[in-house]
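Order-wise, the sequence lines are chains A and B. The numbering used here numbers the first residue of the first sequence as 5 and each following residue consecutively. The numbering used here numbers the first residue of the second sequence as 153 and each following residue consecutively.
Please keep in mind that the hints were generated in silico from the structure rather than gathered at the bench. It should be emphasised that the depicted structure is a prediction, and the values quoted were computed from it without experimental measurement. Since no wrong hints were added, every one of them can be taken at face value.
Taking lysine-lysine and the DSSO-like style, the derived pairs with C-alpha atoms no more than 30 Å apart in a straight line are:
1. A:K46 to B:K193
2. A:K46 to B:K172
3. A:K46 to B:K216
4. A:K46 to B:K218
5. B:K207 to A:K46
6. A:K46 to B:K166
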Amino acid sequence: GENVEQHPSTLSVQEGDSAVIKCTYSDSASNYFPWYKQELGKRPQLIIDIRSNVGEKKDQRIAVTLNKTAKHFSLHITETQPEDSAVYFCAASYTGNQFYFGTGTSLTVIP
Amino acid sequence: GAVVSQHPSWVICKSGTSVKIECRSLDFQATTMFWYRQFPKQSLMLMATSNEGSKATYEQGVEKDKFLINHASLTLSTLTVTSAHPEDSSFYICSAPVGDTQYFGPGTRLTVL
Chain A
5 GENVEQHPST
15 LSVQEGDSAV
25 IKCTYSDSAS
35 NYFPWYKQEL
45 GKRPQLIIDI
55 RSNVGEKKDQ
65 RIAVTLNKTA
75 KHFSLHITET
85 QPEDSAVYFC
95 AASYTGNQFY
105 FGTGTSLTVI
115 P
Chain B
153 GAVVSQHPSW
163 VICKSGTSVK
173 IECRSLDFQA
183 TTMFWYRQFP
193 KQSLMLMATS
203 NEGSKATYEQ
213 GVEKDKFLIN
223 HASLTLSTLT
233 VTSAHPEDSS
243 FYICSAPVGD
253 TQYFGPGTRL
263 TVL
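Pulled out of the complex, with its shape left as it was, chain A reads as follows (with noise of 0.2 Å):
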């Protein structure tokens, strides 16, 4: 099956700053590239995703890029808010089959 790495596992940042969070996958066939944001002891929830045809996708403070060569995509976050902190995890998925996810990285981000 799949395998999806994570890093960084913790990140701290000061507000204002940016934050950027790697993830590699080992199936080339893997075509969707969701990011989830988990506070504790809630659901996941969806924050941006891109898929294998597009190489970045952007949302106001969020950004993804996608190297589909080297088989890495990796989450930037700018002007990081105290609202940011939570638990990220990324995760590859062949088009509506299952979800396989990175290890997570818990950020921090300090007034």
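Got chain A; can you put chain B on it based on the hints?
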């Protein structure tokens, strides 16, 4: 957007008993649902794919006789943890896809004493 519910949200049981967790898609039909477990401060681990009207597909290392999955209708999948033991204590989350997007249930926290 699509809504997925789970019941119960929290359950405590004695070791050796069985616990059933329900996952429902409230405003859409789901021929496929997925079950995950999540230990504290860890990632979501895919356990199995629940298929309406057929047997579930289990991930490697997941005991199918331990975690019974039934997907009897297009809106309901159940996960039964049989003969639960303390090591089964975890956060269990289901999801259902709409197109590419997975919609997650709120999760069920299982504590086995």
